[in-house]
Amino acid sequence: MKDIARQQMSIKVSSMDLLNNQIKLEAHASATYLAMASWCDQNAYTNSAEFFYAQSAEERDHMMKIFKFIADSGGIAISPTVENINHDFSNLEEVFENALDHEIMVTKSIHKILATARNDQDYVVENFLQWFVQEQLEEEKSLRNILDLFELMGRDGIALKLIDERITRGE
Amino acid sequence: MTSVYQSKFYTLYQSNTDRYFYIDFGQKVVKLSFCQLLALRQKVNSIAIETHFDADLNKHGFELLMLCNKEHLFLLNTLEILDLKNLVCYGFALLGISSENAKAVY
Chain R
1 MKDIARQQMS IKVSSMDLLN NQIKLEAHAS ATYLAMASWC DQNAYTNSAE FFYAQSAEER
61 DHMMKIFKFI ADSGGIAISP TVENINHDFS NLEEVFENAL DHEIMVTKSI HKILATARND
121 QDYVVENFLQ WFVQEQLEEE KSLRNILDLF ELMGRDGIAL KLIDERITRG E
Chain D
1 MTSVYQSKFY TLYQSNTDRY FYIDFGQKVV KLSFCQLLAL RQKVNSIAIE THFDADLNKH
61 GFELLMLCNK EHLFLLNTLE ILDLKNLVCY GFALLGISSE NAKAVY
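Chains R and D, in that order, are what the protein sequence lines are.
Note that UniProt numbering gives residue 129 to position 129 of the first sequence, counting from 1, and the numbers run on in steps of one.
Note that UniProt numbering gives residue 78 to position 78 of the second sequence, counting from 1, and the numbers run on in steps of one.
This list has only true hints and no planted wrong ones.
The calculated DSSO-like cross-link candidates involving lysine-lysine, where the alpha carbons are at most 30 Å apart (straight line), are: (1) Lys31(D) x Lys2(R); (2) Lys43(D) x Lys85(D); (3) Lys43(D) x Lys112(R).
If you are wondering where the hints come from, they were derived from the structure by calculation, not from laboratory data.
The model shown is predicted, which means the values in this text are computed figures rather than measured ones.
Chain D on its own, in the form it takes in the complex (with noise of 0.2 Å):
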């Protein structure tokens, strides 16, 4: 596997034996279809962080996150979230099919 981008928690691999990428998120590595992960960014793109620091719209600053058509589960916090936001934006950038600077990344 090659490795696309590390953020501080997460890891995105794209495999080079078949059509699939990686994401290795610690506890354990999710592998996903390239639909897949264009749901995974759609999903942590429309997270609104700010109701994390705001008690009346999101009590406990965490989050669900269900990836691969409900296959996997997962609670993530504030921090967790941030760093997830980043692998999507530069993952994407690194993959050439996002307006990001991929040269910015590095």
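Pulled out of the complex, with its shape left as it was, chain R reads as follows (with noise of 0.2 Å):
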């Protein structure tokens, strides 16, 4: 019998569904953060806000990726919906210390299928994950960094305003 379904799809299916669900996350991360980047404008944190938007822009950049490596890998790849995004914070630092939870968040499920499609021998999947996970090390250490601010200059408002001027894309 031929290898049919092999021919046309070069990964597991059980891989494919932990990578849409995936998809699933960064959709969601790129919304959360659209959310955050609106409450930061709101509030006249300026530099925070542009830190958002372009950190939701980058979640869908890797929503993207995988959406494109399911499709190249013969898979289909699922279209997100994306439900219950919080746009009620209290201050500056509960902001980034939801998008430092969130990105942990996607770290674990990462790893996640990476242990996955390691013990199912998908190596394509595996090595595909390489790069997301160094990519995550980068944003929980860059969130991070901005959270170790709120400890070095405070929290009263003149501290909240001269953290958003420290806050640059990238930082």
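Using the hints, put the two standalone chains together into the complex.
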């Protein structure tokens, strides 16, 4: 019997399911960062708003990278629906803390797919995800550095303004 | 045609001559390309079977399933959906592109 399925698809369907789930997570992250950018804009944290606009675009790029990978591998990439985006925050620090929590969730998900791919000997997926492992490390580091600023500079009015001034795209 | 997997109601076949799969649904046999088979898997897996046991979510316990770019339409009950989920799960395992262990199928 010819292996038609393998001829048509280079990855395991179980990996495809997990990657489609990751697409949802990246889309959710992109929309969440957009909500954060909106909150920062409303509260006159201009640099933070720009930071989150850029982060939102970056998360969408990640989503598209996975989307195209699934399609190129012969699978079916599912366009995600995004729901339950939080627009309410108490202060700037909470915004960045939420962003870091989101990144940690994404990192854990990437690691889970990687572990599954390794277990299934799905080496194409394993190799593809290596870039994301490094990327997530940088994303988490960038947000951790910003949260350190709150410890160093305080949380009162002028300190928040100074923190915002120090936040740049790719911080 | 080579039989890949037979569940209680359905049988998945792979053609020996062309690059197609066939599913015998009892009342008719449906020809599917690999992409269409993948789409079927996606649709079947996205059916939340729990809703069949909640009268508010699925009053009559039926699902409408459209296959092959809306070429075929099926109305399936709870048992048939469960059986189709079974066919998809083990069928893909036996095709060797799922992490399910094909040896565990038999």
